[in-house]
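S.K.: Per my numbering, the sequence shown starts with residue 21, numbered consecutively.
Think of the hints as simulated: they come from the structure by calculation, not from any bench.
Incorrect hints may appear among the rest.
To be verified - If you anchor each label on the Cβ, the simulated ranges turn out as follows: (1) Ser317 / Leu75: 37 to 43 Å; (2) Tyr206 / Glu349: 37 to 43 Å; (3) Val95 / Asn233: 34 to 40 Å; (4) Ala338 / Ser317: 22 to 28 Å; (5) Val209 / Pro316: 57 to 63 Å; (6) Thr185 / Trp368: 22 to 28 Å; (7) Glu234 / Arg68: 37 to 43 Å.
Heads up, the beta-carbon is just placed ideally off N, CA and C, and yes, glycines get one too.
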Amino acid sequence: MQSPHDDALAKRSGAGATKPLAAVPDAVRVSPAGAVGASASFAELLQRVKAEGLLNPARGYYVGKLALNTALLAVGFVAFFELGDSWLQLLVAVWMGLCGAQSAFMWHDAGHKSMFGTHWTASLMGYIHANLVNGVSYGWWVNHHNRHHSHPNHLEKDPDIGRRTAIFDMKQYPSRSRRGRFIVRYQSVLFFVLLVLESYKMQRTAVLTLARNEVRRRWLEAALITVRAAVYLTLVFTVLPVALGVAFILVQQAVLGVYFGLIFAPNHKGMAVRDGEEEELDWLARQVLTSRNIRPSLLMDFLYGGLNYQVEHHLFPAMPQRSLRRARELTREYCAERGMPYHEVGFWASYREVATFLHEVSAPARQERAAA
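Whole structure, please, built from the sequences with the hints as guidance.
M.R.: Okay, structure coming up:
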């Protein structure tokens, strides 16, 4: 498949000068009025997807996923209590970090209302898996993530770009602090290194969001996060001595953060970027041109919680995980019919593309530093 660095998606005039939509055909550009929601170019694909029932709720599938996640957590708790005061607990910390990330897929899908058919059951799953299991604000996540879905890779409108330490365009560089500029200069490496802090950052954001009263169910979310913190810390420091307890927490949160980051990193970084006050792409182009799939397999589908089908997930956010594989076939076929670039790569190639993009876009920052 075509690389996101090919001319069909991006043309550069000098290092760091990204013009990724320069060669997008007029057929996928729309007036601002037509860019707000779905469009005629998307309607036919949507009809094909609906005809196969791919947007129908998958209650049985998610009951199975919830049971599996519960079993995985139970294994971790049993090992935790059985091992007691042993440095082998750090292996349990790794396990629990991985389990936390798997539970994140549940709050993610709950936020998109793809798990169950009713709003209250989706919200219940979201609050349990975000606030109670991981200490993250579910209300913040839903608001933040829905805005990202509306304008992926838009420099002004995508909050995922705004909150990252890495830059997607040199226009973002002048606003960075001295420390931030250092990170940007070496972001192709430091982006991955700093993923160990991702879980901490999301939990910190939850506390700040609740303190500012920026979510609807503030007291419910605060209560769940407080209960989670109290139980978590009590268990760790009751079963483990202080030094081992601190090490356990650091390892578990680092693993959780790295897993979080590695799941989300390949989704959009290195794909088409745009800016401006108005949206110039229709729904189909906006989602396909900015998203990267990772070639599916049973292992990839499990590890990524379906987010390796990033193109299809962005086109159909409410689609259950189990339907994404078939939707991929329909979407690839439809994009080929319309001459729409569709990008899918293997596991290692996806991270190589991300690192290459981060290195290229920050090149002027390193050149500026060398010339100073």
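S.K.: Would you mind marking each hint as holding or not holding in the structure?
M.R.: Hint check:
1. Taking 37 to 43 Å as the suggested C-beta distance range, the pair Ser317 and Leu75 does not conform, at roughly 24 Å.
2. At about 40 Å, the CB distance of Tyr206 to Glu349 agrees with the hint of 37 to 43 Å.
3. One distance hint, 34 to 40 Å for the beta-carbon pair Val95 and Asn233, holds here, with the actual separation near 38 Å.
4. The hinted range of 22 to 28 Å is satisfied by Ala338 and Ser317, whose Cβ atoms lie roughly 24 Å apart.
5. Look at Val209 against Pro316: about 29 Å separates their beta carbons, and that is not inside 57 to 63 Å.
6. At about 24 Å, the CB distance of Thr185 to Trp368 agrees with the hint of 22 to 28 Å.
7. Under the hint 37 to 43 Å, the C-beta atoms of Glu234 and Arg68, about 39 Å apart, fit the expected range.
Going through the hint list in order, the structure does not satisfy hints 1, 5.
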